[in-house]
Each structure stands twice: as C-alpha cells, then as structure tokens.
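Novice: Below, each chain spelled out in residue letters.
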Amino acid sequence: MSDAILFLGPAFVLCLVVASLHVYLGMHVLAREVIFVDLALAQLAAFGATVVTTVGDVEAGPVVGVGAFVTSLAGAALFAVAGRARERLSLEAVVGIVYAMATAAMLLVLSRSPHGAEHMNELLAGELLLASWPMVARIAALYAVLGAAQVALRRRFVALSWGSAAGHSGSRGSWADTAWDFGFYALFAITITISVQAIGVLPVFSFLIVPAVVSQLFATSLAARMVVGWTVAIVASLAGLAGSWTLDVPAGASIVVAFGLLLAAASVVALVRRRHVPMFSG
Amino acid sequence: MKRTLIRVVLCVATLLPAAASAAIRVVATTTDLADMVEQIGGDNVRVEAICDGAQDPHFVQARPSYMVTLSRADLVVAVGLELEVGWLPSLVAGSRNPRIAPGTSGYFEVATTITPIGVATGDVDRRAGDIHPRGNPHFWLDPDSAAPMARGIAEALAGADPDHAASYRAGAEAFASRVEARLDDWQAALAPYAGAEVVSYHQTFDYLLARYGLVVAGVVEDRPGIQPSPAHVAELTRIVRDRGIRVIVHEPYFDRAVSDRVAADGGARVVVLPTSVGGARGVDDYIGLIDHLVNELAAALGEPS
Numbered sequence: 001m002s003d004a005i006l007f008l009g010p011a012f013v014l015c016l017v018v019a020s021l022h023v024y025l026g027m028h029v030l031a032r033e034v035i036f037v038d039l040a041l042a043q044l045a046a047f048g049a050t051v052v053t054t055v056g057d058v059e060a061g062p063v064v065g066v067g068a069f070v071t072s073l074a075g076a077a078l079f080a081v082a083g084r085a086r087e088r089l090s091l092e093a094v095v096g097i098v099y100a101m102a103t104a105a106m107l108l109v110l111s112r113s114p115h116g117a118e119h120m121n122e123l124l125a126g127e128l129l130l131a132s133w134p135m136v137a138r139i140a141a142l143y144a145v146l147g148a149a150q151v152a153l154r155r156r157f158v159a160l161s162w163g164s165a166a167g168h169s170g171s172r173g174s175w176a177d178t179a180w181d182f183g184f185y186a187l188f189a190i191t192i193t194i195s196v197q198a199i200g201v202l203p204v205f206s207f208l209i210v211p212a213v214v215s216q217l218f219a220t221s222l223a224a225r226m227v228v229g230w231t232v233a234i235v236a237s238l239a240g241l242a243g244s245w246t247l248d249v250p251a252g253a254s255i256v257v258a259f260g261l262l263l264a265a266a267s268v269v270a271l272v273r274r275r276h277v278p279m280f281s282g
Numbered sequence: 001m002k003r004t005l006i007r008v009v010l011c012v013a014t015l016l017p018a019a020a021s022a023a024i025r026v027v028a029t030t031t032d033l034a035d036m037v038e039q040i041g042g043d044n045v046r047v048e049a050i051c052d053g054a055q056d057p058h059f060v061q062a063r064p065s066y067m068v069t070l071s072r073a074d075l076v077v078a079v080g081l082e083l084e085v086g087w088l089p090s091l092v093a094g095s096r097n098p099r100i101a102p103g104t105s106g107y108f109e110v111a112t113t114i115t116p117i118g119v120a121t122g123d124v125d126r127r128a129g130d131i132h133p134r135g136n137p138h139f140w141l142d143p144d145s146a147a148p149m150a151r152g153i154a155e156a157l158a159g160a161d162p163d164h165a166a167s168y169r170a171g172a173e174a175f176a177s178r179v180e181a182r183l184d185d186w187q188a189a190l191a192p193y194a195g196a197e198v199v200s201y202h203q204t205f206d207y208l209l210a211r212y213g214l215v216v217a218g219v220v221e222d223r224p225g226i227q228p229s230p231a232h233v234a235e236l237t238r239i240v241r242d243r244g245i246r247v248i249v250h251e252p253y254f255d256r257a258v259s260d261r262v263a264a265d266g267g268a269r270v271v272v273l274p275t276s277v278g279g280a281r282g283v284d285d286y287i288g289l290i291d292h293l294v295n296e297l298a299a300a301l302g303e304p305s
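Protein chains in written order, with the working numbering: chain G, 1 to 282; chain F, 1 to 305.
No lab work stands behind these hints, which were simulated from the structure alone. Do not take every clue at face value.
Just so you have them, the derived chain F footprint on chain G, three or more residues with Cβ under 8 Å [to be verified]:
1) 3-15
2) 126-139
3) 248-262
Think of the CB as a built atom: it goes at the ideal place given N, C-alpha and C, for glycine as much as any other residue.
Chain G with its partners taken away, still in its complex shape:
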C-alpha cells in the first residue's frame, strides 16, 4: 500500500492540478458547444512543435514551445473570428476541420522526420505514471498563474460563453467581444498544451468534458456545478489510479474508463431521482 502511495502520489496530485482548471474550462467548452476544441488546439500545438523539430532540426527546448504556442494561438484567433459568423457557420464544424487538417499536416511534416513516431508519442501521449514531483510542481505553478487569469477575467468569459449559447442573436457583433473570445481560446490553448504533454490527449478530454456533463445532471448554478465537477474528477482520478495499480494497466486509459463508468452511474442516479419527483416540476 505504501508502494502505491509512493509511486502514484505525483500522478494523483497532478490529476488534482489538472482538474482544478479543466473542470471549470469544460463547462465553458460545453456551453460554447465546442466539445472537441481541446483536441483541435492540442493537435495544432503538436503540429507547431513538429514543424520546429523537423524543419528547424532541433530536439527540444524553448524554441519548440514557441512553435507550439504560435500555431495554437493561430487556432485561437481562427475560432474567435469564426464565432462571429455563428448563425451561418457551425463552430463545431470549424473545430473538427481544424483538428483533421492539423493532424494531416503533422503527418506530412513527420514523413520528412526520422523520429516521426516518437514525436507523435511525446506530444500527444503524455504518461501520467511517469509524473515526478518537480514536474508536478512546475505544472502547478503554471496553473496557478493561468487560474489567476481565469479568476480575474471570469465575468467577461462567463458572459461570452453563456451569452452566446442562449442567444444566437447578433450579440457577438463587436470586435471587442471577438478579442475577448480570442483571449479565452488563447488561455485555453496554453492550459491544454501543458496538460496534454503531461497526461495525454484522452485523459485531458475526459477531465474537461465528463465532470461538466455530470454536473449538468445534478446542479444548475455554476458554483454548484463546479463542486459536483471537482468531486467527479477526484473520484475518477482515485478510482482510475487504483485500477491502474491493482490491474497493472496504463494509468491514463484507466482514468478515462473510470470517468466513463462514473458518468454511467451518475446517469442512472439522475434518472431514478427524476422518476421520484413529480413531472413538469421544473
């Protein structure tokens, strides 16, 4: 048992760090109806990093990070601008197209790189089990800064995310709103790039979307949904890591499955509860 705590301690704390921001961001993503925006931005970041490593012929370092940053910012700008044409253009479709294009472009660049498969693995399949305390501390520090930014800008971002879902009217005509949208997607892109490299694409997606979906079943106010979401994330992390330890399987996939089982259980509970309250009670 002490072994489990020793080896999985950093991984669990890393899950908590990731959950702190992702549960909140997931609710925005759900409200904006851009579920796969994290995949698209992560893929864009991977594409940018690949271009730098392949064309620039460098292994790692800050230059690679800049490459990832530049392409994901371009994605953020594209989503913000595309959001202006919401009535005529499905943002979800744009997100999907960007994902497919970024993946294909990366494959083309990789075909010129002898280390192709390795880079793909490094960029998109972070390994939760290999988390170390210094790495967790570094990510926690970055997330603290990103979290502070989210708190400072929460009014703007909440108004934009939930205002757009409700209205579909001409509410996003102003370029100021587009600029704030860009700010949201840019901060989101940085957050996602960090977490994807640490724990991989599928766990990141699960930490974003599943807590947000489960919280919708049980709560309406944003604060209450956050409490439900964080609880879901913590339980899934614990259950996933326990499963990884006892069954001796990769931790990331184990947590994703735990999230799925938790969502299934929560849906049953919500269904049963709804049966017991009178219909049309609101």
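Since chain G is already given, all that's left is putting chain F on it; use the hints.
Specialist: This is chain F only, laid out in the frame that chain G set:
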C-alpha cells in the same frame, strides 16, 4: 480492496524467499538479455524482463508494476544504443531507485561490449538520418556477439554481487561455448545462400543477415515509424521483381500490409521472424532463437520459386 490485500500479501510473500536466498535482483529490458542473465547467473540471480518477446522494444507503455520491479532491482541490463531511449530513462527515474541510476554500476548497457554497425557518420541530418544515430541496436541477433555480450553481463553481475564474481565469469564462458558450438551449424545452413538479396521491413535483422553474407537490397519502412510513400513502395517492388528477390523478412509487431503488397506485386514471400526469445512458439532461449531464425531463413531462401 480485496485485490489490493491479495497483492500486498503476494508482495510480502515474494520478498521473503528472496531475502533468505540473497539472490540479486536483475531487471533486463528484453527477454534475450533476461535469458542470458539467467544462464550466466543461475541461482544467484532473479531476473525479470520488461518487454515480452513479441513486443516492439522501441515502445513500451508504463505500467505500475514496472516501476515497482525497478524500485527493488540491484541491476538493470539494457540493450543500449538508444533502443530503449523512449521509455527506460523515465521508468528508471520513476522507480526512485538510486542503485540503478545510469552511470552507476547498477546500470549496464550491453551495447558497450560490441562494435555497432549503421553508425551515423559526419554531420547528422535528422531529416535523412537514422532513428539511432549511435548505431543499429539490434546486435543481439548476431550470434558472434553473444560471447562478448555474455562476458560484459558477467562483469556487470560481478559488480553488483562481488561474492559470486567467479561463478558469473564461469557462467559466461559456459554460455559462450554453448553458442560457439553451434556457430558452424548456422554457418553451414546459410552458406548456400551467401550473397542472396533480401528485403527487410525495419532494420532489425541487419546484423544477422550481414553475418551470413545475405544482402539487404531495400527496407520497406524507409523512415522508422512512418508509413512508406507510394513512390518508395513502387521503387521497392520494382527492385524485388527485377532482381528476383524471394524473401521479405518482417518483424512480428509491425503491420504487414505493405510487406504483403510488395511481396505479392514483386513475386516474393513475407517471412515473419521473431526478434527476441519468446517471440515465436518454441523459441525459449537464445540458442533456440538463433536456431529458429537460421532455419526459417534457410527454408525460405531454399524454397523453389
């Protein structure tokens, strides 16, 4: 919870006899190295392999048990030449075991005992270069390398457990002579085909093929890990057809669709060969592995077209 309890009990149970017999704990990255360690160390070692015999040793997904096993190890025996670069350093770091840190006597790369082929020369251009700039890491498939490998492993075992140094050195010599006793047979089996051209999927069998005078006329996967381009496949198919190449050797863990296509269009056949002990049925030790490879190659090359 019950599973956890069972696991704890099992862990304690496996610890007790080890403490009693004082065998050193060795973790080998591949089954070939594990087999050598076992044959050289005998009862003085308890060895575990991380990869199984049918797995691609370039890529290993971390599992909790790997880190636990490594955390208790006295010695890590790795292939080296960056074969395990994608996963072993992180696993060793994750094990938090200072005894096996690279650079200490608890970490041994067998590649230090041999002269690699395929070393990138001059200015390494990563766009055209090899995945392993320090040389092709699949040297264990050359049976002439077995003796130096065994002696190197014996010295590493002696470093971790000086009390049994003489026994390890004797074990290495015994293993080397068992392999040496077979070298002539293997040479004789493939001698009729010396100079014959084959195509390989990845550059896994280069040492083995070179040892017996077989020539690699082309590689299907020209950039490791990347699907070959249509132009490359067409060119390779033309080479296979024009030169009458009959055999495409293929690793068990790679998708064989492209190899099958080249074989069908070029008039050759695909021979799937194990790369490690345990990689095929009946391949249970190092000599069995080389036996199997030589026999399969001789059979495929000798088949009437």
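Novice: Honestly, which of those hints from before does the structure not fit?
Specialist: none
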